[in-house]
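Participant: Use the sequences and the hints to build the structure in full.
Protein chains in written order, with the working numbering: chain A, 60 to 564; chain B, 60 to 564; chain C, 60 to 564; chain D, 60 to 564.
Possibly wrong hints are sitting among the right ones.
Identical chains blur together in the list; that is why a pair holds if it fits in one copy or across any two.
As the list claims (entries may be wrong) - Straight-line C-alpha distance at most 20 Å; calculated SDA-like pairs for lysine to any residue:
id, residue 1, residue 2
1, Lys293, Asp323
2, Lys470, Ser450
3, Lys473, Gly462
4, Lys473, Gln432
5, Lys470, Gly452
Source of the hints: derived by calculation from the structure; they are not laboratory data.
This one's a predicted model, so the numbers in the text were calculated from it and none came from an experiment.
Number of protein chains: 4
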Amino acid sequence: MDFEFGRALNKTTTTTARASAESAIDARLEGDDDESEDDAFYSWRVGGANDLKITHLRDVYRGDVPLVAQPSPFCTTTACPLSGPRTSVEFNSNFVSNSDRVLLNSVAFGSSADPTQTCSLWAETFDPNGCDYVPQWVVRAGPRSEVYFDSDEVHAAIVTCGGLCPGINDVIRSLVNTLEVGYGVKKISGIRYGFKGFFSGVEFMKLNKKTVRNIHTLGGSMLGSGRGGGDVQKIVESIIHHGINMVFVIGGNGTHAGANAISDECAKRGVKVSVVGVPKTIDNDILLLDKTFGFDTAVEEAQKAILAAATEAQSAYRGVGVVKLMGRQSGFITMFATLANGQVDCCLIPETTWAAHGPNGVINYVRNLLDTQGHAVVVLAEGAGQEFVTSTGVDAGGNPKLGDIGQWFCKQLKSELKCDIKYIDPTYMVRGCQANAHDSIMCTVLGQNAVHGAFAGFTGISVGTVSAHTAYLPIPRMIEHERLVDPDGRMWHRTLESTGQPDFF
Amino acid sequence: MDFEFGRALNKTTTTTARASAESAIDARLEGDDDESEDDAFYSWRVGGANDLKITHLRDVYRGDVPLVAQPSPFCTTTACPLSGPRTSVEFNSNFVSNSDRVLLNSVAFGSSADPTQTCSLWAETFDPNGCDYVPQWVVRAGPRSEVYFDSDEVHAAIVTCGGLCPGINDVIRSLVNTLEVGYGVKKISGIRYGFKGFFSGVEFMKLNKKTVRNIHTLGGSMLGSGRGGGDVQKIVESIIHHGINMVFVIGGNGTHAGANAISDECAKRGVKVSVVGVPKTIDNDILLLDKTFGFDTAVEEAQKAILAAATEAQSAYRGVGVVKLMGRQSGFITMFATLANGQVDCCLIPETTWAAHGPNGVINYVRNLLDTQGHAVVVLAEGAGQEFVTSTGVDAGGNPKLGDIGQWFCKQLKSELKCDIKYIDPTYMVRGCQANAHDSIMCTVLGQNAVHGAFAGFTGISVGTVSAHTAYLPIPRMIEHERLVDPDGRMWHRTLESTGQPDFF
Amino acid sequence: MDFEFGRALNKTTTTTARASAESAIDARLEGDDDESEDDAFYSWRVGGANDLKITHLRDVYRGDVPLVAQPSPFCTTTACPLSGPRTSVEFNSNFVSNSDRVLLNSVAFGSSADPTQTCSLWAETFDPNGCDYVPQWVVRAGPRSEVYFDSDEVHAAIVTCGGLCPGINDVIRSLVNTLEVGYGVKKISGIRYGFKGFFSGVEFMKLNKKTVRNIHTLGGSMLGSGRGGGDVQKIVESIIHHGINMVFVIGGNGTHAGANAISDECAKRGVKVSVVGVPKTIDNDILLLDKTFGFDTAVEEAQKAILAAATEAQSAYRGVGVVKLMGRQSGFITMFATLANGQVDCCLIPETTWAAHGPNGVINYVRNLLDTQGHAVVVLAEGAGQEFVTSTGVDAGGNPKLGDIGQWFCKQLKSELKCDIKYIDPTYMVRGCQANAHDSIMCTVLGQNAVHGAFAGFTGISVGTVSAHTAYLPIPRMIEHERLVDPDGRMWHRTLESTGQPDFF
Amino acid sequence: MDFEFGRALNKTTTTTARASAESAIDARLEGDDDESEDDAFYSWRVGGANDLKITHLRDVYRGDVPLVAQPSPFCTTTACPLSGPRTSVEFNSNFVSNSDRVLLNSVAFGSSADPTQTCSLWAETFDPNGCDYVPQWVVRAGPRSEVYFDSDEVHAAIVTCGGLCPGINDVIRSLVNTLEVGYGVKKISGIRYGFKGFFSGVEFMKLNKKTVRNIHTLGGSMLGSGRGGGDVQKIVESIIHHGINMVFVIGGNGTHAGANAISDECAKRGVKVSVVGVPKTIDNDILLLDKTFGFDTAVEEAQKAILAAATEAQSAYRGVGVVKLMGRQSGFITMFATLANGQVDCCLIPETTWAAHGPNGVINYVRNLLDTQGHAVVVLAEGAGQEFVTSTGVDAGGNPKLGDIGQWFCKQLKSELKCDIKYIDPTYMVRGCQANAHDSIMCTVLGQNAVHGAFAGFTGISVGTVSAHTAYLPIPRMIEHERLVDPDGRMWHRTLESTGQPDFF
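Facilitator: What follows is the structure in structure tokens.
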């Protein structure tokens, strides 16, 4: 499910990205404990830009109480005594060094034959002078040997924002378990129904190992989730009022923007608060990451809807099964569910343009399928073909409302073809289910590392999977724009190979 | 499911690996079309060893008929006409360059504080002089613009060897679809019940798009699988006799050794045959790869067995649930299923040593759990604790037979503790099921790329997922030894964090 | 899933039923082989009406070739030789006697306290003179020792009509296996896309043991299903033209009416054709039966949709989950899925009337739930509240089109309450899936008995489960009207107990 | 899943049954409120035996405080006000009359052709003089208008005994919800780990609506289950000591014997205690009932194991899949899972005898299958072929230990045939899972009716499904012996039809 994601750069942002890369060309990691080590370590890099530096409280905190590092209470060796003081032998083992890095871009393109495709893309973005591959590094996640919080003084808050996604409860459970069991934190508050819960007056939920014990067997968010409410001032006042000093934010792009603003505002006000995000988007549309939690489960469930549609289509005379899947701006679920199912004839995503009518239009293609194989299966992302449907306004989260392309498409089909249409919109059944084993593990790992990151003193960061490793990423870089399917990439081409569909224009 | 796999290097082989690295220190890719481009491309590497070069028919084929490259019939653009000749515009688009590379090692360790842990491991292996990170590149998989086979003359054979694994039928289906639909191959033979099927006299199965249409909805191998039978001479004679020129081998380490030997023997005899492997191991124990197909599904199913064991344990007075999972030498399934389930108290894998008896033994730990929380859940890999159980002989595939550690452990428990043991061995239920959506996609991608690799003229290669991309790998390097869980790695430590178990010695 | 179904008599039809009962008061089974045995057998009945007599070809067939009974080739003993002639010992064992009966009404109501409820209902219907319980018998299904068809001359046709339902392929498979393996029939035709397939020109599908081997692993109908096309003359002409003499019809009420008409027309034309129905209705709305195949699976799937809706509702601030389930005139799926889920607050079915607005309306109830427990889950059948939504026209099957009560209800909610609505219509995902084990067994049993019934010479019958046994029923009595949920029955009351909902008027 | 169960009478007990029937020939229901009504009601019965009378506290209670009936607080109308006093109008509606009856035997056999088969069986058992069908009635379950307990004074106890079965938690949940919400009971205790929990000193678990809210999403028993501990004196002392006056016992045959003894002892000591059983047996081996809860789920899961075995067998050269399923004395799970799967070649149950060796033995049959179709699937119940395996001793519940027929059979196969055996014992995975929708509903209904029965003053009863209705049954009649598969019945014959297996002797 994670093949060839790395290249999903959005062409529309290369200008921004290039500027960013240029300005960062001489940047160095300054926040690490041992700068000389770091210099040596990075000396092999030629012309590398370090624009994925993450923020540490030391960088931004201006409060009166000095920031002091202390040995981590987190036990990283199997020899940790069940009780009693730890010995010095155990101390340095197995912690992750602040200088550990994970490579963001693991493919090097060797050919310059097609100027739009490979080498030159990198050249354009990162190195105007040549075709050389330039590695991009991000900070490896994990427990640090030195922490910046005393467990007894920690008041952690957890908040879940936006739409549902399989695995939210798994993340909450992992956060609570790591805080309580791993670090000995005693005060953990669950904020209800999104950011609003900081100031809405709904009582915080007290969280501990017991309350979260079985929550991963249920879908949804035990805290309740909600859109909007991103009033940074009110939130930070609530944080200060309640003495919260760690905030874990589970949400998507917009929510991460909020998390970053909260981190900034806390720094500005001189309060020592670590804000750490865990990217939650069922659309899998977060930049830089291999994939996000819940996506795997969503594809599994979405595939079942396609299977039902295919069954209906094949069991009807001139049957057409139409499935609308999630994906406001990116077609990842649609693309992967199409590949997993293997019976789809036509896959339409927001990243490509297509005509419905005309000799090369989708409807004509469906007509051809009905005449030859007797049935057709069409899968489209909710954000596909938005130019055909008018819609106005925004939802509570500030996202523009989408027109209903699924209904529109079925209407067009019906008016032009003699066919028997079965339309499925499985959205809430895909979102609301329990995480599968894969996502459950991923959520556990993300939750653990989010806590490690907060204790290590990082803030304004998010935690995600990069080149199959867990890393800390600076929020601003992750939310520059939605990650999109690359219509020139291998994965999309594999999808076309599977459906056999032509260009629709 | 793919976090932090990259570091699973086995310490016992570092000597071999170092020798290999040293001898390869000056090696260059020689098989690429455009050597100068390639040189330029790799110039940034300092001291890099290129020991992951793959073999092309040009390197080894010594037959009389000259080897000729021709334009690929595979259509890589969405503009491919449904019929009629392709235009030149379409030609070069979207093919993968022979110089494209994927990075094998995507983590750089920054610290030298602990000499056994990080920087120095790399130093020891790859660069005796320093702590620098040295990238390791492998060849990116995908369709090439030039192929070395005429579709009309191809006779492809597919063989499945060894134990079952979810997704085998998906791979077969993808191979057949890509051969027939993507390249126009008309002659595809399924070899029955493993390597033996080449010469056992059981008739080959004729494969085409129709025969494989729904096979992915069933577990197992539609061709039948089997161990042993690796008589290279007989196999190659059969290949020559039947005019087979592409062999796709789905199997594990031993099977890949066979595939490599077949490739060598064909070259030696001057016949033009491409042999391509697709790694199949439910244990996930193949070197270099992120993970192998079927592993994700296996973890999902294994987790269900653990859930049943936990239910039994919790519902009984002093209940102990014991689950034995697959993993002859590596504990990946056991480790991941433990993490996915989240209710396991003790996880035992082949890579760690543990005492059953004594004050620090597992039995005493279980006693303590029964006295405190009232029940216990223990999960062990079949290869764990083999020093406690005697066994002799080898199976048909040449693997040493394992002693039954599950039964042994239950017997020890019963004799020492007052408890109610429920023992589950779900092996065949884990192996025999249908692939989930994730593995189904992975299998589709692997099958497609195996065919691309054969048409491109590579032989003695295998196809797998590396740093979240698909790559071609030289078989000898993949089968140096089984891949193992790193007992000092983050993933194992996360597992210990989840179970809360101490050291058992 | 089969509790307390027996009483679901529709009050609106009691007049018809009573007239039918009265006119039949002296009827006797005349078609049985051994009338005297039969008379003796039924002598214990006092005042019993035998209005569930089924039709035999002897009753209606007026063709020139005499109707001859012959020993059944079906082997009913475990001692049947794998080949060779059967011995006389085996002959009579284990066949079902034509006089075997199954009791339709297995509850006797003892109280006359409430005149509308119990004893008097039966009195009104069956026995105007008193409160005595009067048993109603139906013919037990199963293989008969004498059959009226020579296997070599049988040409069987199978047709599937109407909407999809889990298990259709299981029934087809069982029909084909029993025909071919059990009776040695060699000619079996699958009619494509419903009744129309008899004369549409689409080629019949040849069916045999091999073609149906794995079809039960897929949902839908391998033959294709379709509404309408019930042109009896054309169908019978096709039957005669193709020499078909057994017709197995899988469909609902309308389809059964067609089957009965075909049976009558064949008799009228003097052709020897057995027409046997297998009731297929995902709504479970067939009179007299415990339940129909696919219903159990449908409830399982419907419940998943409710679970998703409940998850969404509980995870949102003032969240309301609304699920629309199948059930044009009867609320069985809605009722059972509500009970299975256990988290539903309000269940609305076609059999009850309810107000949406006003102080006792559903909306006010939802408001109250939001104010007290914070969320609400509402499940409604598609046929509920049709008085609120206007709709016109009929579908291809002649059923009146329903207004979309789900959308209407959500709109009302939204306009009156501040709430966050998640609406799910899982219809096609419920219909299109594979049958579960329960339904798979049921389908196997129904298919076997349908073939037994046809060979025994019955026609115009249907096969179903009655009081936990399989029986043959006269089609006209089954299709008098849809079976409905009894709003005064225990099952509906249990549902109210589970939801806690009040009356909505 | 409930077809043709009614006839499963065990021939070995007909003598007992006949004596019982004879002695009861003149019995009359004496405990009902309105005897004359009852007499009238039963007057139509000719020679009927009423040996399924259930016990009421009025029959047995000899304590000092008089037993007083009072109006039920349970609301059975939809018009029940959400709060406030009930009006008289509501009072009598929808309660079940004490005279309502459910018919136990719903098939009448019409033929006397085969004296061992049909009519004469009934004649032998119930009516020595003729072949007439004699109905057998049981008391219909449901809420009564008069109850014998004041809700405020009720202290209910719930105990779960014996092995796990899907749905136990659903029953507990339904009991607690009906007690608390339906009747207003405030004191409910969960007894831990079976009967022993009454006196073991392990603290009772306080149960209420909240504690049971989500327990049905987990398998097992939240209270813990256990075998043995049936010390009636100690249990009754504990009951008296804690002031318990309702005991709900979830368990199998042995547990029900205990429940009955507790009921008797309480009566003897003059304490007013209602003891109500809910039959729990995954083997479905309880007399008189259509089927028991959890059976449907167990068949679904067992079928998955068979599917895995079939996959393994078909994917191996001369592969044999062997599955051992639950069923100590009865083969219901084995038979139904075989039917559901449809790929089994040989099904062996305790009720039939079979030879392993010899020309007609199972091994020879498997040899034949391997030679012809290449593979074989054998499913056997754990209690099958016990004459081949020696075993001694009894388990904690007093059941004789079984020899391991699965291992024995595989060993025989291996020693006689060249084959590749895959053996699966899925027992704990079948028992430990969550109930499916069907069983979840069944459990809800059983739990509700158990509470209704206790409040109505019945004791020494059990609640179960009879002819598709819920009924109260006298415990002694239910536990006369295990219910067995009838080897001459239709269901077993259908199974043989499905497997195609011959007699094995």
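Participant: Against this structure, judge whether each hint is valid.
Facilitator: A quick look at each hint next to the structure:
no., hint, in the structure
1, Lys293 / Asp323, "within (14 Å within a copy, 67 Å between copies)"
2, Lys470 / Ser450, "both (17 Å within a copy, 18 Å between copies)"
3, Lys473 / Gly462, "both (19 Å within a copy, 19 Å between copies)"
4, Lys473 / Gln432, "within (19 Å within a copy, 43 Å between copies)"
5, Lys470 / Gly452, "between (23 Å within a copy, 18 Å between copies)"
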